[in-house]
Each structure stands twice: as structure tokens, then as C-alpha cells.
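Residue numbers (my numbering), protein chains in the order written: chain A, 1 to 271; chain B, 1001 to 1251.
Please keep in mind that the hints were generated in silico from the structure rather than gathered at the bench.
Quantities reported herein were computed from a predicted structural model and do not represent experimental measurements.
Hints are not guaranteed to be accurate.
Computed list of lysine to any residue pairs in SDA-like fashion (alpha-carbon distance at most 20 Å, straight line) [to be verified]:
(1) B/K1163 / B/L1221
(2) A/K162 / A/D196
(3) A/K162 / B/Y1160
(4) A/K162 / B/K1163
(5) A/K194 / B/R1234
(6) A/K162 / B/E1177
(7) B/K1235 / A/A122
(8) A/K162 / B/G1175
(9) A/K162 / B/K1235
(10) A/K194 / B/V1159
Single-letter residue listing:
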Amino acid sequence: MGTIIVMTSGKGGVGKTTSSAAFATGLASRGFKTVVIDFDVGLRNLDLVMGCERRVVFDFINVINGEAKLHQALIKDKRVENLHILPTSQTRDKDALTKEGVERVLDELKKEFDYIVCDSPAGIERGALMALYFADHAIIVTNPEVSSVRDSDRILGVLNSKSRRAERGEEPVTQQLLLTRYDPERVEKGEMLKVDDVLEILAIDLLGVIPESQAVLRASNIGMPVILDIQSNAGQAYGDAVGRFLGEEIEHRFTKVEKKGLFSRFLRRSA
Amino acid sequence: MRAVSNANHAAERDAPFQLRGNSFTMMVLKVFNPASPNFFSMLGGKVRQAPNFFRHAPVVLDFDDLPESMADLDVAGFVGAVREHHLRPIGFVGGPRAIQDAASALGLVPMPTGRAAPIENARPNVPLNSALLAPPAPPEPVYRPALVVSEPVRSGQQVYAEKCDLIITAPVSHGAEVLADGNIHVYGALRGRALAGISGEMSARIFCQSLEAEVVSIAGLYRVSEDFDSSWTRKPVQVRLKDGFLHVDPL
């Protein structure tokens, strides 16, 4: 039976979709059969980041409504074996997500896939609730700034009270922090929260720190998950995070200011 | 009972139970016109007048004055609606046969007809005096244990310790709210809002390991973080009322 991971944050624009795409790709590269689902009905983005927007015929909502079979809507990634994308509808809204419909689709996916990554929309309303309701693991995507941290705290409370595991009194949803857009230089200047500050407030395990990187935008624009850009800091950091998720002991990188030598200044152009 | 011999007495002490007669004061709800659109709004109003007295109070439904035309009353629905108003129908008296059967089927007990004192008419214009009418209240427990919370209280969450103290062994986040009728103890950082003694207990206090709160309040008097002295922040403190002012003292 597959494991359901929700990528959530409360706040918008912190990197949920980027992280979902990267994480799913990382899991699939390591041989796990993985599907990534876009729960952001009406604001469809995941297919763009995954570079499959021109292959969408049927979507998640069609499957929920019984208008298409699941395998008709699943898009197989062309770069990575074992990776599938379930895009969402751009023309509908979050009300199209019914609890019964989502459960039916997830149950079907669980039979076939090892990991099901749910890319949550921002907010704490229906879309976000449906994305996290059935989750086994939650990855909380947070930027090192106060409003993002507070919204993450809010979503942790929602996970603890409104997920299916919470409602049934089962073992709680495991929660790990993915700190994205981390800029050690700005942290040093006191313009951003330190890793430790965020951890102290949220009091959950740290899965990874993704450094602020131009590679992220570059990858999004060409429709490639940034984890495949193994030259970039961000791509390597996502790779580390996937390893940690699978239980490997990997030291955290990219949290300190790099010493800039003359050479590295030239070489850093790719990062 | 006084005539019981000593031997019998001993036997009674060893018995696993004792069956005795006793009498309890109960209210009778005389039902004149359950079809009236005002019936439940007026009943609800009555209950709200003295919620402590009426809430969960056992009542006997008196159908004696129910007109014949209402013999087809939906008894189950009626009893359910009475329950929704926090009264607990336990028995009934009088009424047409069909109503009695329906009431018995619901588990209500047919009561022997007694003399019911009409509460309203006997004391016209006198507000209900719960002290006079209340059945002997179940004894208050000597000690109400505190509500203990060991998980972080997250932004947007609210924890209320009703009629007791609140003890939290984890942090309270910004945007969270913790309330108690008694004292509040936070053995973690207090970053949200903490309101102690919210039912007016002036002696309630707030204790915390690290004061980073947005608001602290005791018995309705409050202080916002803007007014905090910088020497208190991130320090263990207690907050209490003294001479009508909120005092924050380092621990």
C-alpha cells in the first residue's frame, strides 16, 4: 500500500509546487513508483512546473466525477521512470473536491504507487483540507520569515485536529519542515529568520533547508523539476531532503555563508 | 428502618447494594398546546432565565390538559425537542391512551399522579429563585483536576480549561489562545494570548517559563505586549492582580 505525503504551508508562494515536483521526482529517481497530484483546482500549476502542460487531456476532477478513468488522466513523465503526474482542472473550483471522490482516487492510487505526493493549495479552506485529510506524512514548506512561519504553525494545528488520522484517533500525521528560499547572507544580516529560530517556534523535525537559488525559477520556466539540475545548490538540497525522508543520515548543507574566493565567484554562475 | 436488628444491620453492610425509598423534587411540564409555534421559543426562554437550574433537570411531562384533538401528537419528536432545550424528560402523567403508549415506548415512566404545585402561578411576578426550587445539587467535587496539555498549542487553536487550572507543558504559539477559569501555567514559551480567571476569579495567575505573549489577562484586566517591560521578555514570570492592577513579576 502506498504512502500519502502532503506538501502544505498555509501561506502561498513559499514553494509548495516546486517542492512537490522536486520531491516526487526525487522519490521516483530512487526507484519508487510515485505520483504527484495537483490539489490546486482552478489555479493549475503543477503541470507547468513538471513540463507536461501540453499533454493534459483529462484531469483529477474528471476522475472524481467519473468522467474519465484514472489511467486516462495520469500523465507519465518523459524524463524519469516511475513518475506520474495527475494534473487538476483549471476551469473548476475547490468545491469539485469531494471527500468521497478524493478518497476513492487516493485508494486506487495507493494500490499501484509507493508514494502519492499531494501538492496542496494555499490557505486552510476546502482545497488545503482535502489535500491533507488523508495524509500519512506532512511536509511543511516554510520561508524564513514571520508570516510564513505563523501560517505553517496554523496548518500544523489543522493537521493535528482535522486530518483523518486525528479524527479517527490514529497515530498522528508525521510532520517535517522544509525551509525554502533560505539566504544565509540575509540571515547573517538579520533580515531573515535563522533555521534555529524557525525550529524553535514550530517545534518539528527539520527535513531540509533549500537555499534561495536562481536555478529554481530557471527550472520552473523550462518545465523541469529543479532536483534534476544537479549542478545547482537547490537541486542538491532537494536530493538531500529526499534521502533524509527515506531515513538516510545526511548533514545539512547550504545553511552558512559560503566563503567567496576569486574562482568561486566565477564558478558560482551556475548556482 | 430503625427497628432493624443488629444482625440484619451487619448483613446489610455486606450486601453489594441497598434498596431504599427516597423522594426527589422534580418539575412537571404541563403541556397545553404543543402545536403552538411559540411553545419551544418560550420554553427556550425559560431555560435561559436560569440555565444552571434548568440544564439537565429531570422533568415529568403532564399530558392531562392536552386537548383530545391532539391525540396524534408526535411524542418522539416532542420529547426530542424538549431534550434539545436541555431538559431531561424521564416520566409522564395523564393524556390519551395513544400518547401514553408512545411515551412508554420511548422509555418514559408512567408516574403516579400527585399534586403538582404550579410553579408559575404560585409565585406570580416573582422571578424563579433557583435556591428555593433547585433539587439538592450533586455535591461539588472537592477538587477539580487541572487540564493538562502536552502538545504545542498552534496558531489559531484555542484551549479552555473550564472551572479549573490549565497546565501546558509545550509552547503556545503566536495566534493561539489559552483560557482558564483558574490559573494558567505554561512550561514552554508563551507566545500567544493567555487569559486566566475568565469567569471573574481575581486571584487567578499566569505563570510561564518565557514571556513572549501577545496579551495576558486576569479576570478581564489585560495587558498587551506593547506595554510589556523589555526586562520581562523571554523571562520566567508570573502575572497577577494586585490592588486592581496587573502586575508582572519575574520568577
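Cross-check of the supplied hints:
1. B/K1163 / B/L1221: Measuring from Cα to Cα gives roughly 19 Å; hence the hint holds.
2. A/K162 / A/D196: 28 Å, violated
3. A/K162 / B/Y1160: Holds. A/K162 to B/Y1160 sits at ~19 Å (cutoff 20 Å).
4. A/K162 / B/K1163: Outside the cut-off at roughly 27 Å; violated.
5. A/K194 / B/R1234: Holds, because 18 Å separates the two Cα atoms, which is no more than 20 Å.
6. A/K162 / B/E1177: With a Cα-Cα distance of about 18 Å, the restraint between A/K162 and B/E1177 holds, given a limit of 20 Å.
7. B/K1235 / A/A122: Not satisfied, since the Cα-Cα distance of roughly 35 Å exceeds 20 Å.
8. A/K162 / B/G1175: 18 Å, holds
9. A/K162 / B/K1235: 34 Å, violated
10. A/K194 / B/V1159: Judged against 20 Å, a Cα distance of about 29 Å means the pair is violated.
Hints 2, 4, 7, 9, 10 from the list above are not met by this structure, while the remaining hints are.
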